[in-house]
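First to last, the sequence lines map onto chains A and B.
So for the first sequence, this note's numbering puts the first residue at 1; every next one is plus one.
So for the second sequence, this note's numbering puts the first residue at 273; every next one is plus one.
The hints are simulated quantities; they were obtained by calculation from the structure and are not laboratory data.
Bear in mind that the values here come from a model prediction, so they are computed numbers and not experimental data.
Heads up, the beta-carbon is just placed ideally off N, CA and C, and yes, glycines get one too.
Heads up, none of these hints are tricks.
What the simulated footprint calls covered on chain A by chain B, stretch by stretch (three residues with Cβ under 8 Å from a Cβ of chain B suffice, anywhere in the stretch; the number is not a length):
hint	region
1	58-66
2	153-163
3	174-183
4	187-196
Each computed DSS-like pair below joins lysine-lysine, with the alpha-carbon atoms no more than 27 Å apart:
hint	chain 1	residue 1	chain 2	residue 2
5	A	Lys127	A	Lys84
6	A	Lys146	A	Lys127
7	A	Lys206	A	Lys191
8	A	Lys89	A	Lys67
9	B	Lys315	A	Lys169
10	A	Lys67	B	Lys315
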Amino acid sequence: MKKMHFVILTLTLLFFCATPLAFAGKLVIKGSTTVLPIAQKVAEAYMKENPDTSISISGGGSGNGIKAIIDGTTDIADSSRFIKDKEVKLAMEKGTYPVPFRVAYDCIVPIVHPSNPVKNLTMDQLKAIYKGEVKDWKEVGGPNKKIVVISRDTSSGTYEVWEGKVMKKERVYPGALLQASNGAVAQAVAKNKYAVGYIGFGYLNKDVKALTVNSVTGSSATTLDGTFPISRPLFMFTQGWPEGDIVKFLNYVLRPDKGQKLVGEAGFVPLY
Amino acid sequence: MANIRQIKDRGMNITFFCIATASITILFTISVFLFVEGLPIFKVVSVKNFIFGTYWYPTSDPPDFGIFPMIIGSLVVTILSAAISIPLGVMTAVYLAEIATVKIRELVKPIVELLAALPSVVIGFFGMVIVAPFLQNILDISTGLNIFNASLMLAFMSVPTICSISEDAIYSVPANLKEASLALGATHLETIARVILPASISGISTAIILGMSRAVGETMVVLMVAGGAAMVPSSIFDPARPMPASIAAEMAEAPFRGDHYYALFATGIVLFVFTFIFNIVAEHIAHKYRQVGEASL
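Let's have the full structure, built from the sequences with the hints guiding it.
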């Protein structure tokens with residue numbers, strides 16, 4: 001019996017000693033749900049290579065992430081937009097200096113069925129289609145058929161880009177079909193000859209045809225040089241210039257053979 | 273000694289009481305949670321505007337939280353799927369219980385019940401990849417992801433429930449009722465229509481309501497197949513967005529405890545009220561038409 005007690009005691013002590021060690025390198029990442037998949041993929045790979053670091057990741061949106069970095073409740077804030085003037089002012093008042101790191105680009109490409117003769121749409125045409133003003137393909141140089149408009153659920157980052165860049169804050173009309181993921185939009189467009197949808201660049205496949213926008217093809221190159229209109233940079237913010245585990249993690253994110261490779265796998269455009 | 277036996281007995285009673293109340297407690301906790309998380313939305317939008325509002329733009333600025341198109345979507349899909357699944361399910365049940373030989377019955381019944389074992393995501397995928405393009409081509413409509421397709425898929429899912437429970441009800445009609453009817457000179461058809469069905473109406477109604485409440489709460493199929501347009505449909509070939517699809521599509525990325533999050537939970541409350549009403553109706557019908565003895569026919 002005594003031996004048993006001893007074992008239990010030792011184990012308990014060991015557990016308590018081990019706990020602080022295991023959380024020695026602890027990183028908290030918070031913010032945009034668009035950047036979330038990148039953060040998750042990179043963090044998984046990072047933790048595999050650095051088992052003594054534990055990273056906790058949560059969403060909550062860009063606004064919440066930047067608020068958390070200003071308040072100091074997170075180490076890294078994910079954001080799908082640049083910091084706003086109002087937020088910079090707030091940070092200054094609190095004496096903190098958020099530092100932005102560009103980690104990837106988001107590029108959203110409009111797609112149609114491969115049999116659709118339409119090859120290019122202008123931003124205005126896309127907007128009119130998604131507002132429900134243009135209802136027929138023949139109005140934009142296609143067959144005499146009703147356009148089936150496919151959109152994303154309103155809380156997705158992809159929808160956010162579309163709403164910001166194409167719709168210019170106007171609303172997608174309620175008759176648009178809803179699909180809950182990039183993959184589902186691609187699937188629905190591949191099965192419908194008269195559908196139009198939009199997906200992240202990384203989800204393009206041979207069953208759908210990517211349209212050029214304002215005659216610009218959506219690709220890594222056109223996204224990075226800024227000519228493709230439906231794209232935006234994605235950021236990670238730190239409080240002040242990063243040090244220690246934070247800088248190590250950010251370097252990992254930016255390494256072409258590590259983090260940036262995973263950025264591509266997550267369906268985004270890598271920086272290099 | 274008797275004392276120990278009594279204590280044992282008491283112990284057993286308490287144990288079983290606890291087990292029996294566990295599920296009630298869980299249900300109660302979930303409902304409380306649902307209301308706690310859903311009700312705050314009514315500080316932002318009135319109940320009337322929430323239920324009868326026709327615009328659902330939860331993330332735009334200012335947001336609109338109107339779930340009327342979703343409620344209509346749920347109702348239309350459920351009613352249409354009931355219109356398909358009730359005749360199919362009940363007639364299959366009548367055939368299996370009354371007309372089929374024992375051999376066929378033993379072969380067909382497990383197969384019909386196996387249909388219930390199909391995961392809903394498989395049915396949804398079938399509807400999306402096979403049925404939708406088929407409907408598009410055959411009917412020359414703009415999209416196959418519509419109310420009709422969703423109702424058809426939901427009907428597949430509720431047929432096994434309806435068939436299986438109705439069949440049990442029909443089968444358990446006392447044989448002497450049937451024999452008496454036949455002895456009075458009624459044909460087999462007349463016996464089924466005038467004696468067997470009325471005698472088992474309580475069981476059949478329960479079956480139908482259970483099948484329908486499965487359809488109204490089903491999420492994966494409507495998310496994949498109904499199209500998801502948040503507008504009041506004008507025909508059964510228009511896309512619609514039933515309530516569960518709306519919740520499933522948006523919940524994952526709605527900011528925790530934001531207005532959008534509350535609105536989705538409030539949609540859940542409406543859905544809960546719907547299934548609750550369904551169950552009460554089922555209970556009521558089952559009670560009212562309960563077959564008490566043979567004299568009440």
